[in-house]
Amino acid sequence: MSIIHCQLSTINCQLSIINYIKMIVLNNIIKTYDKGETKAVNNVSFEVGKGELFGLIGPDGAGKTTIFRILTTLLLPDSGTAYVNGFDVVKDYRVIRASVGYMPGRFSLYPDLSVEENLRFFATMFNTGIRENYDLIKDIYTQLEPFKERRAGKLSGGMKQKLALCCALIHRPAVLFLDEPTTGVDVVSRKEFWEMLKRLKEQGITILVSTPYMDEAMLCERIVLIQSGKILSVDTPSTIIGQYPERLFAVRSDNMGRLLSDLRNIEIVKSCHAFGGYHHIAFVDRIAFAGQANFADEKENPQNALLHALENENHRNIEIREITPTIEDCFIRLMGNHYQPTANGFT
Amino acid sequence: MKSSIPDSRFWAFVRKEFLHVFRDRKTLLMLFGVPVVCVTLFGFALTNEIRNAKIVVCDYANDDASRQIIGKLAASREFQLQNPLLDYNQIETAFKQGDIKMAVVFPANFNRDLLHLNEAQIQLITDASDPNTATALSGYATNIIMDYQQELIQLQGLPYTINTEMRMVYNPELKSVVNFVPGVISLILLLVCVLMTSVSIVKEKESGTMEVLLVSPFSPFGVIVSKAVPYLALSLINLTVILLLSIFVLGMPVNGSFLLLYAVSTLFIITALSLGLLISNITTSQQAAMLVSLMGMLVPSILFTGFMFPLENMPYVLQLFANIVPAKWYYIIVKSVMIKGLGFEAIWKETLVLLGMTILLLVVNIRKFKIRLE
Chain A
3 MSIIHCQLST INCQLSIINY IKMIVLNNII KTYDKGETKA VNNVSFEVGK GELFGLIGPD
63 GAGKTTIFRI LTTLLLPDSG TAYVNGFDVV KDYRVIRASV GYMPGRFSLY PDLSVEENLR
123 FFATMFNTGI RENYDLIKDI YTQLEPFKER RAGKLSGGMK QKLALCCALI HRPAVLFLDE
183 PTTGVDVVSR KEFWEMLKRL KEQGITILVS TPYMDEAMLC ERIVLIQSGK ILSVDTPSTI
243 IGQYPERLFA VRSDNMGRLL SDLRNIEIVK SCHAFGGYHH IAFVDRIAFA GQANFADEKE
303 NPQNALLHAL ENENHRNIEI REITPTIEDC FIRLMGNHYQ PTANGFT
Chain W
2 MKSSIPDSRF WAFVRKEFLH VFRDRKTLLM LFGVPVVCVT LFGFALTNEI RNAKIVVCDY
62 ANDDASRQII GKLAASREFQ LQNPLLDYNQ IETAFKQGDI KMAVVFPANF NRDLLHLNEA
122 QIQLITDASD PNTATALSGY ATNIIMDYQQ ELIQLQGLPY TINTEMRMVY NPELKSVVNF
182 VPGVISLILL LVCVLMTSVS IVKEKESGTM EVLLVSPFSP FGVIVSKAVP YLALSLINLT
242 VILLLSIFVL GMPVNGSFLL LYAVSTLFII TALSLGLLIS NITTSQQAAM LVSLMGMLVP
302 SILFTGFMFP LENMPYVLQL FANIVPAKWY YIIVKSVMIK GLGFEAIWKE TLVLLGMTIL
362 LLVVNIRKFK IRLE
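Going down the list, the protein sequences come from chains A and W. Start counting the first sequence at 3; every next residue gets the next number (the numbering used here). Start counting the second sequence at 2; every next residue gets the next number (the numbering used here).
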């Protein structure tokens with residue numbers, strides 16, 4: 003009995019390997035605008051498996067929308083190949099168009115039609131009705147139902163996005179493309195939206211979602227970090243964070259503005275970036291710094307050295323604590339010197 | 002592509018287009034307000050009475066009969082006599098100075114001819130650059146002269162005849178209001194079809210709904226056809242409104258066949274729709290679409306259709322250019338059918354030109370049609 007069980011589990015294991023079906027494949031995709039002047043997507047390759055919730059993370063202008071448009075057959079790549087659900091995005095565009103759901107970055111429903119009219123219209127366009135796949139959108143649509151007579155243009159931002167998601171889902175697509183679905187949506191609605199995505203994923207729908215919000219990266223199974231059309235990293239969020247090579251500290255004091263410039267002037271601080279209420283810093287590599295006299299005494303604890311240095315600069319209420327890096331820290335590190343973060347990250 | 006045309010998706014799309022139109026007051030106003038206002042405005046301009054028009058007399062006869070007629074003219078409400086002219090050649094100068102609307106010329110020996118030959122001539126010269134006034138004035142003057150003739154016949158019992166010879170200056174063809182209705186029809190159909198179709202397609206591009214529609218199994222060509230159908234229907238309704246107004250308000254009947262008029266109009270609407278589609282293809286914003294439609298289509302149509310500015314008076318190059326304006330041909334057709342009451346045998350050439358243009362435009366459209374965003 004146990005032998006059979008064991009064999010079954012091996013078969014299961016093999017099956018799960020076989021079951022990794024590539025739903026989205028990009029091979030060396032290059033896309034330029036303005037006759038080759040601007041490279042929007044520069045040699046991008048990644049794969050998304052069936053039923054994955056995959057995130058495309060990067061600031062505005064990183065090339066996220068272009069990748070979406072290439073995958074939804076709206077744009078032709080300059081070079082490289084891409085497949086969605088096994089179909090070529092250039093040759094088999096009709097098959098792809100019939101089997102995917104797409105929610106563009108901006109609100110793309112008819113503001114002068116009511117909630118119900120919009121949903122019905124898009125259902126008809128996909129040769130289906132609201133009833134056929136109602137179970138798929140039920141969770142979302144029940145929230146919209148009280149407003150079904152309301153014109154879509156008069157809905158709140160969060161409601162608009164929910165309606166757009168319903169419209170993109172109504173034909174039970176194999177792959178769902180969501181281009182910045184939570185941009186311009188309040189925090190509560192964003193949270194709700196991601197919970198919906200998780201439930202959809204459980205139904206076996208492959209989801210490619212892009213976002214400029216780094217905190218949302220953690221909600222994806224795997225992510226690709228993208229900047230200026232180039233991929234910085236592809237992996238699970240925890241792996242990317244685990245690969246962060248340095249210890250990271252959060253520092254604050256009464257005068258955050260002066261603190262930033264002071265921190266950058268202190269020799270033992272290797273890098274310093276503003277992150278809302280704290281500045282995130284990494285210390286220089288000890289070995290590289292071994293010859294410096296004033297650091298030798300405080301060798302065991304660079305935090306104390308920093309505290310002293312800051313007190314000498316007349317900072318008050320100094321707080322220094324070690325933190326786990328966030329995706330944004332990873333992103334900034336991967337970008338090197340090309341990026342000056344703002345207080346709110348990428349928004 | 003073909004299979005997707007008459008299915009439920011198509012009708013859902015058409016229904017959606019109608020909802021767009023009926024929910025937007027501005028569009029509705031443009032669709033139905035503009036033609037109604039245009040036609041009624043000109044209708045009232047047409048029926049406006051003329052009073053105290055300044056006229057001038059050049060009396061070579063200077064006899065009893067001529068003086069009596071001049072007296073009658075001066076007594077009427079319609080006319081206001083200016084200082085008489087001594088020389089025929091002064092008439093043109095008088096017209097050019099403005100004010101003068103009509104000149105009445107009595108030849109020498111007017112009375113003698115009337116009494117001895119029983120027949121005499123009066124020349125009425127009108128400024129036909131304002132055709133309404135010109136026709137009205139010569140009509141009034143003829144009536145007054147005929148009155149005098151009747152009186153004379155009753156008085157003397159002899160069959161006297163006074164012939165009034167009309168001469169139109171500046172616009173001898175007398176382009177006038179009867180030509181206005183066909184002109185309005187061509188312009189309104191152009192406005193509705195070109196402007197509204199191009200704007201409504203570009204609107205979908207602008208709002209991003211086109212992206213969603215493209216990423217659906219509904220063929221892009223189907224999108225365009227379903228866009229065109231509502232505007233075809235609305236244009237035919239519009240045509241009916243204009244025709245009803247012109248028949249019942251302006252009292253201008255359709256002399257030819259209604260069927261022919263509607264058939265040819267449908268062809269012209271398709272021409273205009275293809276133009277609108279072409280514009281939507283080359284523009285990406287509603288403003289650009291509107292600008293191209295207005296400047297590129299409507300203005301040339303107003304200028305080169307021939308109902309506002311006579312084509313005959315234009316330089317040859319511009320006359321040649323007018324040939325590529327579809328509205329020119331449609332205007333000729335509508336005029337022939339509506340006013341002259343002619344049949345298809347009289348308009349087949351123009352219809353063929355229009356058909357050729359439509360096919361050409363459709364071919365260009367299909368060639369240039371974008372199934373993607375670029």
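What the hints contain is simulated information worked out from the structure, not anything from laboratory work. Please read these numbers as outputs of a predicted model, since none were measured by experiment. All C-beta atoms, glycine included, are put in the ideal place defined by N, C-alpha and C. There could be a bad hint or two in this list.
Negatives, chain W to chain A, calculated, CB over 12 Å [what the hints assert, rightly or not]:
hint	residue
1	F11
2	F14
3	L20
4	F23
5	Q150
6	L156
7	L214
8	S220
9	V224
10	L233
11	I238
12	V365
Only pairs whose alpha carbons sit at most 27 Å apart, straight line, appear in this in silico DSSO-like list of lysine-lysine [claimed, not checked]:
hint	chain 1	residue 1	chain 2	residue 2
13	W	K350	A	K41
14	A	K24	A	K156
15	W	K369	A	K37
16	A	K156	W	K204
17	W	K27	A	K156
18	A	K93	W	K369
19	W	K204	W	K97
20	A	K150	W	K55
21	A	K37	W	K371
22	W	K371	A	K150
A quick look at each hint next to the structure:
1. Once the 12 Å rule is applied to beta carbons, F11(W) is inconsistent with being away from chain A; the minimum gap is 9 Å.
2. Not every Cβ of chain A is farther than 12 Å from the Cβ of F14(W); the closest lies at roughly 8 Å, contradicting the non-interface assignment.
3. Some Cβ of chain A comes within 12 Å of the Cβ of L20(W); the nearest lies about 6 Å off, and the non-interface call is violated.
4. The Cβ of F23(W) does not lie farther than 12 Å from every Cβ of chain A; its closest approach is about 10 Å, which violates its non-interface assignment.
5. Non-interface status of Q150(W) relative to chain A is upheld: no Cβ of that chain comes within 12 Å, the nearest being about 67 Å off.
6. Every beta carbon of chain A lies more than 12 Å from that of L156(W), the smallest distance being close to 76 Å; the non-interface claim holds.
7. For L214(W), the non-interface assignment is contradicted: its Cβ lies about 7 Å from the closest Cβ of chain A, within the 12 Å cut-off.
8. Against chain A, the non-interface label of S220(W) is violated: not every CB pair exceeds 12 Å, the least being about 8 Å.
9. The non-interface label for V224(W) is inconsistent with chain A: the shortest C-beta to C-beta separation is roughly 9 Å, within 12 Å.
10. No Cβ of chain A comes within 12 Å of the Cβ of L233(W); the nearest lies about 21 Å off, and the non-interface call holds.
11. With a closest Cβ-Cβ approach of about 21 Å to chain A, I238(W) is found to remain outside the 12 Å limit, as its non-interface label requires.
12. Non-interface call for V365(W) relative to chain A: holds, since the shortest CB-CB distance, roughly 22 Å, exceeds 12 Å.
13. Between K350(W) and K41(A) the alpha-carbon distance is near 54 Å, which puts this suggested pair outside the 27 Å criterion.
14. Taking the CA atoms of K24(A) and K156(A), the gap is about 40 Å. The hint is violated against a cut of 27 Å.
15. Between K369(W) and K37(A), the direct Cα distance comes to roughly 20 Å. Compliance with the 27 Å bound is thereby established for this hinted pair.
16. For a cut-off of 27 Å, the pair hint linking K156(A) to K204(W) stands: about 18 Å separates their Cα positions.
17. A distance of roughly 19 Å separates the Cα atoms of K27(W) and K156(A); the hinted pair therefore holds under the 27 Å criterion.
18. With a C-alpha separation of about 19 Å, the suggested pair K93(A) and K369(W) falls inside the 27 Å cut-off, and the hint holds.
19. With a C-alpha separation of about 51 Å, the suggested pairing of K204(W) with K97(W) is violated against the 27 Å cut-off.
20. A C-alpha spacing of about 68 Å is found between K150(A) and K55(W), which places the hinted pair above 27 Å, so the restraint is violated.
21. Our distance criterion of 27 Å between C-alpha atoms is met by K37(A) and K371(W), whose separation comes to about 19 Å.
22. Straight-line distance between C-alpha atoms of K371(W) and K150(A) comes to about 34 Å, which puts the hinted pair past the 27 Å bound.
Against the hints set out earlier in the document, violations occur for numbers 1, 2, 3, 4, 7, 8, 9, 13, 14, 19, 20 and 22.
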